[in-house]
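A.B. asks: Below, each chain spelled out in residue letters.
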Amino acid sequence: MKFSVNGKTVFADETLAGKRLVDFLREDLGLTGTKNACDIGACGACTILINDEPMKICTRRLAEVEGAEILTIEGMARTDGTLHPLQEAFISAGAVQCGFCTPGMILTAHAFLLRHPNPTRDQIRRALYGNLCRCTGYQQIVDAVESVIPYYQEHALRSHSFNS
Amino acid sequence: MSGLTNSGWRNDVRAKVTGAAKFTDDLHFADLLHAVPVYSDEVHARIRSIETAEAERCPGVVRILTARDVPGSNRVGQIIRDYRIFADDKIRYNGDVIAVVVAESREAAMQAAKYVRLDAEPLPRVLDPADALAPGAPLIHEQHGSNVINTHRVRRGDAERGMREADVILEHDFQTQFVEHAYMETEVAVAIPRGDGVIEIYGSMQHPFSTRRFTAACLGVPLADIEIVGTPLGGGFGGKDDTAAVVCARAALAARLTGRPVKIRYARDWSIRESYKRHPYKVHYAMGVTRSGKITAVRCTIVADGGAYCSVTPWVTWRSTVQCCGPYVVGNVQCDTTGVYTNNVVTGAMRGFGSPQMNFVVEQMVELAAEKLGMSAVAFRKLNMVKQNSVTITGQKLDTHTVAMGQVLDAVLKEIDYETKLKRATRGEGTEEEMYGIGLAMSYRGVSLGAEGVDFCAAIVNVQADGSVILEAGVHENGQGSETAMILLLAEELGIPADTIRYRRSSTSVIPDSGTTVASRGTIMGGGAVCQAAAELKRTIARSVAEQLSTVPEGVTFSGGRVRAANGESVSFSEAIAYMYSHQQFPYALGVYRAPQVTWDEHTGQGKAYFTWVYGCQAVELTVNRTTGKIRLLNAVAAHDIGRAVNREMVLGQIYGGMAMSIGYALHEEVKSDNGIIANRNLNTYRISRTLDLPPMKAIIIENHDPVSPSGAKSLGEPANEIMAPAIANAVCNATGRRFYSLPIRFPVQTKVPRREEVQA
Numbered sequence: 000m001k002f003s004v005n006g007k008t009v010f011a012d013e014t015l016a017g018k019r020l021v022d023f024l025r026e027d028l029g030l031t032g033t034k035n036a037c038d039i040g041a042c043g044a045c046t047i048l049i050n051d052e053p054m055k056i057c058t059r060r061l062a063e064v065e066g067a068e069i070l071t072i073e074g075m076a077r078t079d080g081t082l083h084p085l086q087e088a089f090i091s092a093g094a095v096q097c098g099f100c101t102p103g104m105i106l107t108a109h110a111f112l113l114r115h116p117n118p119t120r121d122q123i124r125r126a127l128y129g130n131l132c133r134c135t136g137y138q139q140i141v142d143a144v145e146s147v148i149p150y151y152q153e154h155a156l157r158s159h160s161f162n163s
Numbered sequence: 000m001s002g003l004t005n006s007g008w009r010n011d012v013r014a015k016v017t018g019a020a021k022f023t024d025d026l027h028f029a030d031l032l033h034a035v036p037v038y039s040d041e042v043h044a045r046i047r048s049i050e051t052a053e054a055e056r057c058p059g060v061v062r063i064l065t066a067r068d069v070p071g072s073n074r075v076g077q078i079i080r081d082y083r084i085f086a087d088d089k090i091r092y093n094g095d096v097i098a099v100v101v102a103e104s105r106e107a108a109m110q111a112a113k114y115v116r117l118d119a120e121p122l123p124r125v126l127d128p129a130d131a132l133a134p135g136a137p138l139i140h141e142q143h144g145s146n147v148i149n150t151h152r153v154r155r156g157d158a159e160r161g162m163r164e165a166d167v168i169l170e171h172d173f174q175t176q177f178v179e180h181a182y183m184e185t186e187v188a189v190a191i192p193r194g195d196g197v198i199e200i201y202g203s204m205q206h207p208f209s210t211r212r213f214t215a216a217c218l219g220v221p222l223a224d225i226e227i228v229g230t231p232l233g234g235g236f237g238g239k240d241d242t243a244a245v246v247c248a249r250a251a252l253a254a255r256l257t258g259r260p261v262k263i264r265y266a267r268d269w270s271i272r273e274s275y276k277r278h279p280y281k282v283h284y285a286m287g288v289t290r291s292g293k294i295t296a297v298r299c300t301i302v303a304d305g306g307a308y309c310s311v312t313p314w315v316t317w318r319s320t321v322q323c324c325g326p327y328v329v330g331n332v333q334c335d336t337t338g339v340y341t342n343n344v345v346t347g348a349m350r351g352f353g354s355p356q357m358n359f360v361v362e363q364m365v366e367l368a369a370e371k372l373g374m375s376a377v378a379f380r381k382l383n384m385v386k387q388n389s390v391t392i393t394g395q396k397l398d399t400h401t402v403a404m405g406q407v408l409d410a411v412l413k414e415i416d417y418e419t420k421l422k423r424a425t426r427g428e429g430t431e432e433e434m435y436g437i438g439l440a441m442s443y444r445g446v447s448l449g450a451e452g453v454d455f456c457a458a459i460v461n462v463q464a465d466g467s468v469i470l471e472a473g474v475h476e477n478g479q480g481s482e483t484a485m486i487l488l489l490a491e492e493l494g495i496p497a498d499t500i501r502y503r504r505s506s507t508s509v510i511p512d513s514g515t516t517v518a519s520r521g522t523i524m525g526g527g528a529v530c531q532a533a534a535e536l537k538r539t540i541a542r543s544v545a546e547q548l549s550t551v552p553e554g555v556t557f558s559g560g561r562v563r564a565a566n567g568e569s570v571s572f573s574e575a576i577a578y579m580y581s582h583q584q585f586p587y588a589l590g591v592y593r594a595p596q597v598t599w600d601e602h603t604g605q606g607k608a609y610f611t612w613v614y615g616c617q618a619v620e621l622t623v624n625r626t627t628g629k630i631r632l633l634n635a636v637a638a639h640d641i642g643r644a645v646n647r648e649m650v651l652g653q654i655y656g657g658m659a660m661s662i663g664y665a666l667h668e669e670v671k672s673d674n675g676i677i678a679n680r681n682l683n684t685y686r687i688s689r690t691l692d693l694p695p696m697k698a699i700i701i702e703n704h705d706p707v708s709p710s711g712a713k714s715l716g717e718p719a720n721e722i723m724a725p726a727i728a729n730a731v732c733n734a735t736g737r738r739f740y741s742l743p744i745r746f747p748v749q750t751k752v753p754r755r756e757e758v759q760a
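So the protein lines, in turn, are chains A and B.
Taken in order, the first sequence gives residues 0 to 163; the numbers are from numbering that gives the first Met the number 0.
Taken in order, the second sequence gives residues 0 to 760; the numbers are from numbering that gives the first Met the number 0.
One chain only, chain A, in its complex shape (with noise of 0.2 Å):
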């Protein structure tokens, strides 16, 4: 099998296509930062971007995403270290606290962002409803990704653009 992980190929034996998509990648290319909370979809801290989509991927084998380009949290910032804005968006807004849910939000804004470049905040909350956080409330992580709205609309960009 073979697929895109972060911009970079990847080849997994056929004997691995029953396994959790979250556990390939946490165990077996040591992605680690993509979280198991719930193990049936309901918390998304399990979200990636699989072909610019996101999927709560706890639930899901890896055969049932061959071909496809998926992004991490890995991929989110620079291989020079650079941040994402929407990662620096995070920072500043004081949007993080424990971290657990970070990845998961920050890839469901990501992918919100790239299909809605000019959402209001009600839409930006309805679209981070499948993502929980037992710390925050929410509210700076809304205000984050609101405060980078302006950098989706000056790029119309596809998941991995920042990267390439």
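These are computed hints drawn from the structure, not numbers from a lab.
It cannot be assumed that every hint is accurate.
As the list claims (entries may be wrong) - Listed next, the stretches of chain A that the computed footprint assigns to chain B, with coverage defined by at least 3 CB atoms under 8 Å from CB atoms of chain B: (1) 5 to 15; (2) 48 to 62; (3) 109 to 117; (4) 138 to 146.
What the hints assert, rightly or not - Calculated cross-link-like contacts (lysine to aspartate or glutamate; reagent style DMTMM-like; alpha-carbon spacing at most 20 Å): (5) B:Lys697 to A:Glu26; (6) B:Lys371 to B:Glu164; (7) B:Lys21 to A:Glu26.
Stated by the list, open to error - The following label-pair restraints were derived from C-beta to C-beta distances: (8) B:Pro221 to A:Glu65: 53 to 63 Å; (9) B:Arg737 to A:Leu15: 54 to 64 Å; (10) A:Phe10 to B:Thr626: 54 to 64 Å; (11) A:Thr119 to B:Glu414: 21 to 31 Å; (12) A:Glu65 to B:Glu431: 50 to 60 Å; (13) B:Glu568 to A:Thr119: 51 to 61 Å; (14) B:Pro595 to A:Gly80: 43 to 53 Å; (15) A:Gly80 to B:Ser467: 18 to 28 Å.
Note that the Cβ used here is the ideal one computed from N, Cα and C, for glycine as well.
Knowing the structure of chain A, use the given hints to seat chain B on it.
C.D. replies: Same frame as chain A, but now just chain B:
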């Protein structure tokens, strides 16, 4: 100095937005084994045997542990040692763990767990504290002699006389529910048997020292043989103490017996099933008031469901008892509190720690009283609330800090335009489909542990030869940003940039036992210790370099990255440090902050319960749909006096997050029990607040530096989470005319409202 204000910076935030932060489950070790807990279907039963032979034959299984394998004590606890690492004599609740399966993979362990068999004689289930207290009730812990875990009381003045002096007596019963912490990260532990005989533990827990005590007791080894290493924590909220510590102890035992690293990661189902919850309370409350609105007496009985084990029920209920009248001066009080064993899930510490329940009661009682008297509830509060030099119901004079009750109340009233909007409240009248209401609640809260326990904290500052600094404090980073707060305070004290300071994740083998990071004590206690360490370090540096600067040590100051004398001479901080090293002196300091003395007389329930207090007020606007009963929150405002904001963005986050959690408590959170078995064991059925459940929130920070706190800062984590439920209850009453005496607040017709998911689609 205002150098503390920063925009969102945290020492750990880059790692958290890039996925680089390593939580416990993200750690991998060669030769790692995986372990899983095994539960039974029982709720209350006497164990005859636990059969593991069949499970042991399953592929990949390395070892199965039961109570028989515990070399030390199988029973642990912070107050009463009744908490079982493995069920031994009885099953006392459905979350009791009968065995742990250790295998080459987590899947193999889970598969084998199905073949562990329990042979047990079912016993009658005691699920209501009233039944547990009835004569002849089955005992949960036979050797304890009764189902009463503990009692507390307050006796002030003469409650009977106070009631006689009242013109009106109001009497009501209130009830609250079991609540799950729902930290996003479940319990995880990794234990590594080191070559030197020490077991090293990385764990998702918020009390490293308690974890060490439990683990050492379990293994029957000295404390020094266990090292708990701090790891980023995916939320705690008070919930990662006892249960999380026991999970670590089981991993340690597995590591000891197999000689290999062992990881236990809890599935959400197990976490909700086994971990302790916030106590459900039943409160009978009588309040006497005069026609002019003065409270003359309070008489209340509080019964807390402690579940199957003691945990910290005596401490939780103590705070409820001390704060049973809310922030009001009452001369005649009789309060009797009982913590009760049942076969329900264990209850223990949760953000608020006995205050959310009592505030739900008291903040509705004051509104009920005002309404009865035909008086404004705000005026009633102002008349009775604590003011400067007031004496609390336990006889403590509030004269060591600014009593900011009126200040926070006024701030909220003004911000939300309360009095004007209250006139628009529909009170169930009219014909509009959306009924409108506004409500508020306020509290004061004793800071830190108070008379619950010994309260002191350490910090170590270790300046390196190049002037860079390593800091470690005895408080734990639970996700709230405590490490960053400690760094910012030290940077300010030493007059150096924050980015020259590295926080060393604490290890129980380095920092002295500073207690647990609960009770909103992180900033005040940890910050106090950091300030003391900084003061000590500055004295050391000053003694060393004073002569170089042609001054005396007392004349040396620290600012702008330099060490200065009043005569204008100065050296850079790093030059001063280099000078010390070259003269055989270490720029190293241990700082200790000891909480000021508190007192308590358990018999009378009188004393200086807490060394200082914080003050908070929150208000909310909402609508209630006349047909569906659906409650929609429109706006929320909070004001908190926290002494001093060390990290403004994080302070705001604590307030918003506290309100969000409290909104869940008010409207949709409830651990449901089906005859003693928890029915909603994942985040699809246990509903925490989501984005669309929450209104826009406004937080007002009020700073009255506290003289007894070396940093001036006090507490916030819990105050932010203890008054939104009564504010909502009051607003719902102002909207509908209907008062809710139990949580969560739900109109019966609301079952007809479509589920959120359907609304979404």
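A.B. asks: Each hint should be assessed against the structure and marked as holding or not.
C.D. replies: Going down the list of hints, with the structure as the test:
Here the segment 5 to 15 of chain A counts 0 residues with a CB under 8 Å from a CB of chain B, which misses the bar of 3, and the coverage is violated. Remark: the segment 48 to 62 of chain A is not confirmed as covered by chain B, as 0 of its residues place a Cβ nearer than 8 Å to a Cβ of that chain, below the required three. Counting residues of the segment 109 to 117 of chain A whose beta carbon lies closer than 8 Å to any beta carbon of chain B gives 0, which falls below the threshold of three, so the coverage claim is violated. A stretch counts as covered by a chain when three or more of its residues have a beta carbon under 8 Å from one of that chain; for the segment 138 to 146 of chain A and chain B the count is 3, and the coverage holds.
For the hint linking Lys697 of chain B to Glu26 of chain A, the alpha-carbon distance of about 42 Å lies beyond 20 Å, and the restraint is violated. A C-alpha spacing of about 17 Å is found between Lys371 of chain B and Glu164 of chain B, which places the hinted pair at or below 20 Å, so the restraint holds. Distance check on the hinted pair: Lys21 of chain B and Glu26 of chain A sit about 13 Å apart at the alpha-carbon level, within 20 Å; holds. Checking the proposed 53 to 63 Å range against Pro221 of chain B and Glu65 of chain A shows it holds: the Cβ atoms sit about 54 Å from each other.
Separated by about 57 Å at the C-beta atoms, Arg737 of chain B and Leu15 of chain A satisfy the suggested range of 54 to 64 Å. In this structure the hint that Phe10 of chain A and Thr626 of chain B lie 54 to 64 Å apart at CB holds, the actual value being about 58 Å. Between Thr119 of chain A and Glu414 of chain B, the C-beta spacing of about 24 Å keeps the proposed range 21 to 31 Å intact. Restraint check, Glu65 of chain A to Glu431 of chain B: a C-beta distance of roughly 56 Å satisfies the suggested window 50 to 60 Å.
For Glu568 of chain B paired with Thr119 of chain A, a C-beta distance near 59 Å keeps the hint of 51 to 61 Å intact. Take Pro595 of chain B and Gly80 of chain A: their Cβ atoms lie about 46 Å apart, and the range 43 to 53 Å holds. Separation of Gly80 of chain A from Ser467 of chain B is about 21 Å and conforms to the stated range, judged on CB atoms against 18 to 28 Å.
Violated hints, in rising order: 1, 2, 3 and 5; the structure is consistent with all others.
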